[in-house]
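Novice: In case you want the letters, here they are:
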Amino acid sequence: GESVGLHLPTLSVQEGDNSIINCAYSNSASDYFIWYKQESGKGPQFIIDIRSNMDKRQGQRVTVLLNKTVKHLSLQIAATQPGDSAVYFCAEYSPGANSKLTFGKGITLSVRP
Amino acid sequence: NAGVMQNPRHLVRRRGQEARLRCSPMKGHSHVYWYRQLPEEGLKFMVYLQKENIIDESGMPKERFSAEFPKEGPSILRIQQVVRGDSAAYFCASSPTSGRGGETQYFGPGTRLLVL
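Going line by line, the protein sequences match chains A and B. Quick note: the first sequence uses this note's numbering, first residue 7, plus one each step. Quick note: the second sequence uses this note's numbering, first residue 613, plus one each step.
Hints in this document: simulated from the structure, not taken from any laboratory. Please note: incorrect hints may appear among the correct ones.
Stated by the list, open to error - Distance condition first, Cα-Cα at most 30 Å in a straight line; then the derived DSBU-like pairs of lysine-lysine: (1) B:K674 / A:K48; (2) B:K683 / B:K656; (3) B:K656 / A:K48; (4) B:K663 / B:K674; (5) A:K74 / B:K663; (6) A:K62 / B:K656; (7) A:K111 / B:K656; (8) A:K48 / B:K639; (9) A:K74 / A:K62; (10) A:K77 / A:K48; (11) B:K683 / B:K639; (12) B:K663 / A:K48; (13) A:K77 / A:K111; (14) B:K656 / B:K674; (15) A:K62 / B:K683; (16) B:K674 / A:K111; (17) B:K656 / A:K77.
Please take these sequences and the hints and turn them into a complete structure.
Specialist: Rendered as structure tokens:
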């Protein structure tokens, strides 16, 4: 798999490979993080979340890693499938932000057959 | 259990007209959030509402934009005297509780507004 930061907008992977999508979040006080997947013409779809008292959380085929020291979040997708092709956003909550989510710019994941 | 519903899905307006966007939260959810997404960008928070209350409108432009979430019926985002720069996708999200401390927000399919 390949990893890319938010400054590179597109990640292309071969079907079956693992994907790693990275996100540098902005606020060191943020304590809750969510990864969303957005397919063309649709709203963001919840994938997985993690709180700041954890550094790893696993779901079905997805894992989120949190490194608070460097304010870095990553989403790992195992055995990437064509249906994983979408734009992926990380979002953060900060205490005192009155419930609003702050979104990153997004990365397009393109899966090659 | 139906998800968050938004209508219309697509809306075309001429400059100067009004746009009304509607959002029905998920069943059991009493907290609604509106976000705007410009092409090739992430979502930007606009406003957070509970029934009959605006909790946080810090992301809402000061003029022409207003939002409400009445006791009965959907939440409405209203844009008066639309300009071309208002063209964007507008997403509504809902959560069962306030989200303080983190509560997952579930998004609707969005309304794509095009101002001619």
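Novice: With reference to the structure, classify each hint as holding or not holding.
Specialist: Comparing the hints with the structure gives:
{"no.": "1", "hint": "B:K674 / A:K48", "result": "holds, 28 Å"}
{"no.": "2", "hint": "B:K683 / B:K656", "result": "holds, 26 Å"}
{"no.": "3", "hint": "B:K656 / A:K48", "result": "holds, 16 Å"}
{"no.": "4", "hint": "B:K663 / B:K674", "result": "holds, 21 Å"}
{"no.": "5", "hint": "A:K74 / B:K663", "result": "violated, 35 Å"}
{"no.": "6", "hint": "A:K62 / B:K656", "result": "holds, 27 Å"}
{"no.": "7", "hint": "A:K111 / B:K656", "result": "holds, 10 Å"}
{"no.": "8", "hint": "A:K48 / B:K639", "result": "holds, 20 Å"}
{"no.": "9", "hint": "A:K74 / A:K62", "result": "holds, 11 Å"}
{"no.": "10", "hint": "A:K77 / A:K48", "result": "holds, 29 Å"}
{"no.": "11", "hint": "B:K683 / B:K639", "result": "holds, 14 Å"}
{"no.": "12", "hint": "B:K663 / A:K48", "result": "holds, 26 Å"}
{"no.": "13", "hint": "A:K77 / A:K111", "result": "holds, 16 Å"}
{"no.": "14", "hint": "B:K656 / B:K674", "result": "holds, 15 Å"}
{"no.": "15", "hint": "A:K62 / B:K683", "result": "violated, 40 Å"}
{"no.": "16", "hint": "B:K674 / A:K111", "result": "holds, 24 Å"}
{"no.": "17", "hint": "B:K656 / A:K77", "result": "holds, 20 Å"}
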